[in-house]
Amino acid sequence: MAGLVPPGTTVKPDASTAKPKEEEKVDYMNLPCPIPYEEIHREALMSLKPELFEGLRFDFTKGLNQKFSLSHSVIMGPTEIPSQSTETIKIPTAHYEFGANYIDPKLMLIGRVLTDGRLNARVKCDLSDNLSLKANAQLTNEPHMSHGMINFDYKSAPGLTYPPPPPPPPKHKMQGKDYRTQFQFGNGALFGASYIQNVSPHLSLGGEVFWAGQHRKSGIGYAARYENDKMVATGQVASTGMVALSYVQKLSEKVSLATDLMYNYMSRDVTSSVGYDYILRQCRLRGKIDSNGCAAAYLEERLNMGLNFILSAEIDHRKKDYKFGFGLTVG
Amino acid sequence: MGSRVTLRTKGKGVKGAKASEEKSMIDSFKEWSTWTMKKAKVVTHYGFIPLIIIIGMNSDPKPQVYQLLSPV
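From first to last, the protein sequence lines are chains U and G.
If you count the first sequence from 1, position 207 lands on 207 in the numbering used here, and the numbers rise without skipping.
Numbering-wise, the numbering used here comes out as the position in the second sequence, counting from 1, plus 1000.
Some hints here could point you the wrong way.
Unchecked claim - Dumping the calculated SDA-like pairs for lysine to any residue here, alpha-carbon to alpha-carbon at most 20 Å:
#1 1041(G) - 112(U)
#2 62(U) - 1055(G)
#3 1041(G) - 67(U)
#4 124(U) - 1045(G)
#5 124(U) - 1044(G)
#6 1062(G) - 71(U)
#7 62(U) - 1039(G)
#8 67(U) - 1021(G)
#9 134(U) - 1037(G)
#10 1030(G) - 148(U)
#11 124(U) - 145(U)
#12 62(U) - 97(U)
#13 1038(G) - 135(U)
#14 124(U) - 1041(G)
#15 62(U) - 1045(G)
#16 1041(G) - 115(U)
#17 217(U) - 192(U)
#18 1038(G) - 67(U)
#19 62(U) - 1050(G)
#20 124(U) - 1057(G)
#21 1041(G) - 118(U)
#22 134(U) - 1062(G)
#23 1041(G) - 114(U)
#24 67(U) - 1055(G)
#25 1039(G) - 138(U)
#26 1038(G) - 188(U)
#27 134(U) - 1072(G)
As the list claims (entries may be wrong) - Label-pair distances were calculated between CB atoms; the ranges are:
#28 1046(G) - 209(U): 30 to 40 Å
#29 1071(G) - 93(U): 33 to 43 Å
#30 217(U) - 1032(G): 20 to 30 Å
#31 239(U) - 1065(G): 46 to 56 Å
#32 1050(G) - 93(U): 21 to 31 Å
#33 1037(G) - 82(U): 21 to 31 Å
#34 183(U) - 1066(G): 40 to 50 Å
As the list claims (entries may be wrong) - Rough simulated footprint, nothing fancy, chain U against chain G, three-plus residues with beta-carbon under 8 Å:
#35 1021–1035
#36 1063–1072
These are calculated hints, taken from the structure and not from any lab test.
Virtual Cβ for every residue (Gly too), placed ideally from N, Cα, C.
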């Protein structure tokens, strides 16, 4: 999170760039850009939903250049296949994944291809200061199993991009309050649009609509996010019946606690989880426990510069499904 | 009854030609866009990773070809 941090904004200041906080009159005409609508639960997702896996994972990333790198991954372990009965069926699989990344401030291209021919592609391109294009696709050799989606994002604050701009002279007025809007097009006649706006330095509100032609479904949703230095609270409601609330409290630089609640009022299904996130110098430990009787933990330990050791564990007491994984990440 | 039937078909015959012309335009557009999407999918599937590699090898500072394959 680089960039200038003017006092009184919603961006959490880094220890290195924090300025002393002054009581300043809120300038409602000069609010910063809110975070994107799909990242509204970002802090809660980072703490409560780490990438748990089962089996062995080995990732090797080789950088050829500041911007260009290749990655090789080996994944071996049981993979769950969806089954009609309540028992989980797992099949041992092993695959190798080759990836190439090109990361530039204006253009980002990430591609990953597996041994069975599946391709995961992500493209992010800044067409101008305000407009950016994102696309992602999962392509397979099987017919009708490929998905693709393209998004156009527009944000109204031209000054808040990399590299950070020089501080504006005082009494400089930006055009109105800051907002972001996004249009999405996906295969299967999927259309979506979302809008989010900062209404105060701490509160942002947004809404979205989507229409899925293939499944003949459409929906509308609203979201709100309140944050300050110590906590982030978000809420999201959708007409598909989903209500998601989350709360993250940052107890110190190293520790944060998070909790979330997902309720589907159509199917009367509730899930709630509580978790913690310790970010220490040499390791990052995340743990959570769920109301479905599922406890999980994820540890990333930095053994050396560029060498990380990962342990993942997920114990589902209700389904009696125990998943343990270990891995090594190089580079 | 018979005459009514013939009247109905006659009416359809006059309108039918114009409707079928419009329908075939939409149909051919749909067919053309499906053909384009199929070809685009194949091109992306085989060409995306080579595209990233080509763009990366031409960026500054230019890496050497042997660096693509060596593990160091």
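message: Please list, smallest to largest, the hint numbers that this structure does not respect.
response: Hints 3, 7, 8, 11, 15, 18, 22, 27, 29, 35 are the ones this structure does not satisfy, whereas the remaining hints hold.
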